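My request is simple: use the sequences and hints to build the entire structure.
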Amino acid sequence: MFDNLRTYIDKIKPTFSEGGKFPWLHSTFEAFETFAFTPNRVTVRGSHVRDAVDLKRAMITVVFALLPALLFGMWNIGYQTAIHSEAGMWPYELGTCACFWYCLWFGFLRMLPLIVVSYVVGLAIEFIFAQIRHHEVNEGFLVTGIIIPMIVPITTPLWQLALAVAFAVVIGKEVFGGTGMNFLNPALVARAFLFFSYPTHMSGDKVWIAADLWGSDALAGATPMGELAAGSQCSASVWDMFLGIIPGSSCETSVIAILLGAVVLLVSGIASWRIMLSVVLGGGLMGLLFNAIGANDYMQVPFYYHYLMGGFMFGAVFMATDPVTAAQTNCGKWIYGFLIGAFAVLLRVLNPAYPEGMMLSILLLNCFAPLIDHCVVSRNIKRRQNRATERKEVTA
Amino acid sequence: MKIFTDPLAKNNPITVQVLGICSCLAVTAQLKPALVMAISVTVVVALSNLIISLMRNTIPPRIRIIVQLVVVSALVILVNQVLMAFVYDVSKQLSVYVGLIITNCIVMGRLEAFAMSRKPLESFLDGVGNGLGYGIILVIIGAFREIFGSGSIWGYPIMEKLGLYQIGYENNGLVIMAPMALILVGIIIWIQRTKDKDLQEN
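Protein sequence lines, in the order shown, are assigned to chains A and B. So the first sequence is numbered by this note's numbering: it starts at 1 and just counts up by one. So the second sequence is numbered by this note's numbering: it starts at 397 and just counts up by one.
Source of the hints: derived by calculation from the structure; they are not laboratory data. Since we're looking at a predicted model, the values are computed, not measured.
Incomplete in silico selection of chain B near chain A, CB under 10 Å: (1) 564; (2) 565; (3) 566; (4) 567; (5) 568; (6) 569; (7) 570; (8) 571; (9) 573; (10) 575; (11) 576; (12) 579; (13) 582; (14) 583; (15) 586.
Derived pair list, reagent style SDA-like, types lysine to any residue, alpha-carbon separation capped at 25 Å: (16) A:206 with B:545; (17) B:557 with A:158; (18) B:591 with A:23; (19) B:593 with A:135; (20) B:593 with A:133; (21) B:591 with A:25; (22) B:593 with A:170; (23) B:591 with A:125; (24) B:591 with A:170; (25) B:591 with A:26; (26) B:593 with A:181; (27) A:206 with B:566; (28) A:206 with B:564; (29) B:593 with A:129; (30) B:593 with A:125; (31) A:206 with B:565; (32) B:428 with B:582; (33) B:591 with A:135; (34) A:206 with B:570; (35) B:406 with A:176; (36) B:593 with A:128; (37) B:557 with A:199; (38) B:593 with A:24; (39) B:428 with B:558; (40) B:593 with A:131.
The C-beta atom is built at its ideal place from N, Cα and C for all residues, glycine as well.
Shown next, in the form of structure tokens:
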């Protein structure tokens, strides 16, 4: 079967090459060819370091790492609808096996349109840009395209999502030259676009729970952070928040599923453990500081609540570690991560207008990452220069 | 003639010289104030260019900035009074930004770069051209932001009349905010540079 595919691709290859019928579709053809097979071009001369982990492999590993959170999110979408809808509305009794599968199925059907829209719009734009620029189509959108539907409320209207994806890919990425050149995380650009454009669809207590399978109506159900920002107590238990059985953005509620993904990322060496650790440290220390001040109810919330609520863990594991937009130097990574965690908690506690600080704080530090790197590098240069001059003086 | 047409596109004050960005962000949330602002700036730049050009040989170089400022301020006060008399509601909306035309970089820039060394007619044309070049961008951005941010054009609720709200359309809150104006300016610059190879650097 693979042999047939290979022969077929080889047969149609001249059509898309220089002098063929559709040379302007070369990027598209190339993308599908390398998607199916390893390219047969080899380096002609000179030695190069070769690694099995190329961009495609790295991206698909991140997608695998996202799967636990995605699957859990699907189930949770159904489950939240089940427990929030009126008695008798949900076809299966809670706690039964049938109910579990129906929850998963319900969530799957609700997530599917979001994921399809995100990929179709984003990839279409990527292909068009690659075509115009005569580049190869990049794999950068593979991860972005799955993350975007995971971090928006499940009731987000599809046209708004499409608009946000288009904005993120064009303004957040292609303007700067495509994958690897962007200074902001495109998935967060999409979320920020939605957040500022259509605030009624991104916050409050009416957007987190899908009411029925196809409609866009929603049931009321406040997220823990929404409750705290409104000045009331958090009604979810720590254990529920850790497991992720709370209302929230579609697939970022479960800390345990995200930690599973984190293990995958760390073992495969794709994400930086320094960033993850320092984000957690930064958020924790900021939380402890607020606990020590304790001026209002939100400040007195135990510091570990910040890990469990909202998108903190998702951001720390999947977004702050984006290798393109994060700081590159090791020392820079510590500073970058620490500030992300600290600012996220700071925004949450001190600014009730923006209940979720993680998005804004990662975007802010994305902007500062090159500056942090610059400072780290120039300090290192200065230190080594000093050492060299000192040695010279000693020998003289 | 080139003096007049150049600033409209090839040497546009906003997209090429990158001047006057501040007011471009501040007054373009709706089309009407954007247009009024564009006309006001055009009048101020054209007339101040003309006046300074007439006086250019009598201005001592060391105090030229002060002299320029006096002329510009006088014109801006006049414009402000006219706006308050005839379009009071727009004048209210524009608030301090009319007064801030005095500090608009385009005005000072044209005076220093052009009017101080050119004949009156040329200077006047240059002023009108630059004012209109600024105005075009303002009107484009103002129209875009009003249509997609408020769902209306010149106060006429176009989106409602088209029946878009019934099928789930909503106004975009980000377009109302200043950052979107900056992004739009960026997109215009992007398109202009793609079309015009002369403007591309490197």
